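Listed in order, the protein sequences are those of chains A and B. Residue 54 in the numbering used here sits at position 63 of the first sequence, and the numbers go up by one each step. In the numbering used here, each residue's number is its place in the second sequence (first place is 1) plus 1.
It should be emphasised that the hints constitute simulated quantities derived from the structure, not laboratory data. You may find that some hints are simply not true.
As the list claims (entries may be wrong) - Examples of chain B residues lying across from chain A (beta carbon under 8 Å, computed): (1) Tyr40; (2) Gly44; (3) Leu47.
What the hints assert, rightly or not - Derived coverage of chain A by chain B (criterion: at least 3 residues anywhere in the stretch with Cβ under 8 Å from a Cβ of chain B; other residues may be distant): (4) 53 to 61; (5) 95 to 102.
Said to hold, decoys possible - Label pairs and their computed distance ranges (CB to CB): (6) Tyr1/A x Gln109/B: 46 to 54 Å; (7) Ser80/B x Ser89/A: 36 to 44 Å; (8) Ser53/A x Glu17/B: 45 to 53 Å; (9) Glu62/A x Gln109/B: 22 to 30 Å; (10) Leu14/B x Ala44/A: 41 to 49 Å; (11) Ala29/A x Gln109/B: 28 to 36 Å; (12) Leu30/A x Asn23/B: 37 to 45 Å; (13) Gly31/A x Ala18/B: 37 to 45 Å; (14) Ala11/A x Glu17/B: 46 to 54 Å; (15) Ala28/B x Val3/A: 36 to 44 Å; (16) Asp54/A x Asp3/B: 31 to 39 Å; (17) Ser90/A x Glu70/B: 23 to 31 Å.
Quantities reported herein were computed from a predicted structural model and do not represent experimental measurements. Ideal Cβ placement from N, Cα and C applies to all residues, glycine included.
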Amino acid sequence: GAGVSQSPRYKVAKRGQDVALRCDPISGHVSLFWYQQALGQGPEFLTYFQNEAQLDKSGLPSDRFFAERPEGSVSTLKIQRTQQEDSAVYLCASSRASSTNEKLFFGSGTQLSVL
Amino acid sequence: GDSVTQMEGPVTLSEEAFLTINCTYTATGYPSLFWYVQYPGEGLQLLLKATKADDKGSNKGFEATYRKETTSFHLEKGSVQVSDSAVYFCALPPNTGKLIFGQGTTLQVKP
């Protein structure tokens, strides 16, 4: 596709359930990022991949959060035993290269609601 | 640590009014600075950027100048349109692979 694709668009989970959020980056993009955006706030960094290597996971809020990108393309963000405070929009972004000046292309996000 | 502070919104303007959205930053060194925009129902997209001090980024009539002396990167537009209604985010990359965003400023333009 032409842009970054995320699925599902909306996800409702009961507290304690596990969820998996998918990101399809732009084809050929080396870098992939996950961000968490709470209502009325700016996105906050979760984790970063360069190809299949997870180079930075400093933003993951707890060990319930896990991300992978096994073949250097599609990525999955998994949240185990979801809590109400996990409710947010989860954004995926990709870029062509790993430079601080590189433009990020964002998906529309997955809105997660934990009841 | 590095941080970005934006003026709180919402900002409500009439069409053709002048727009300023303030952004100040704290950073080690001199990182690039960005403005991203989020239109209703769409993903974040890059609006403009500046890579060094005194650079001016511009796009779609918007401008922002990288001011090292005041650690600012204010967004301006001379004449806003209804279609500019969106949420605007100032951001900086402290290092490769990460962006720090401000909290966002909502702009509403009324006809």
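Taking the hints in turn, this is what the structure says about them:
Contact between Tyr40/B and chain A, as hinted, is not supported at the beta carbon level, the nearest pair being about 11 Å apart and thus beyond 8 Å. The beta carbon of Gly44/B comes within 4 Å of a beta carbon in chain A, closer than 8 Å, and the hint placing it at the interface holds. Against a cut-off of 8 Å between C-beta atoms, the interface hint on Leu47/B holds, since the closest Cβ of chain A lies about 5 Å away. Only when three residues or more bring their CB closer than 8 Å to a CB of chain B does the claim for the region 53 to 61 of chain A stand; here the count is 0, and the claim is violated.
Under the rule that three or more residues need a Cβ within less than 8 Å of chain B, the assignment of the region 95 to 102 of chain A holds, with 6 such residues. One distance hint, 46 to 54 Å for the beta-carbon pair Tyr1/A and Gln109/B, is violated here, with the actual separation near 25 Å. Taken as a hint, the range 36 to 44 Å holds for the pair Ser80/B and Ser89/A, whose Cβ atoms sit roughly 38 Å apart. At roughly 48 Å, the beta carbons of Ser53/A and Glu17/B sit within the given window of 45 to 53 Å.
The hinted range of 22 to 30 Å is not satisfied by Glu62/A and Gln109/B, whose Cβ atoms lie roughly 43 Å apart. In this structure, Leu14/B and Ala44/A meet the distance hint of 41 to 49 Å, their C-beta atoms being roughly 45 Å apart. In this structure, Ala29/A and Gln109/B break the distance hint of 28 to 36 Å, their C-beta atoms being roughly 21 Å apart. Range check, Leu30/A to Asn23/B: about 22 Å between beta-carbon atoms, so the 37 to 45 Å window is missed.
The hinted window of 37 to 45 Å between Gly31/A and Ala18/B is violated, with their beta carbons roughly 24 Å apart. Taking the beta carbon of each, Ala11/A and Glu17/B are about 47 Å apart, inside 46 to 54 Å as hinted. Taking the beta carbon of each, Ala28/B and Val3/A are about 39 Å apart, inside 36 to 44 Å as hinted. A hinted range of 31 to 39 Å is violated for the C-beta pair Asp54/A and Asp3/B, which are about 25 Å apart.
Here the CB-CB span from Ser90/A to Glu70/B is close to 26 Å, well matched to the stated 23 to 31 Å.
Of the hints listed earlier, those the structure fails to meet are numbers 1, 4, 6, 9, 11, 12, 13 and 16, in rising order.
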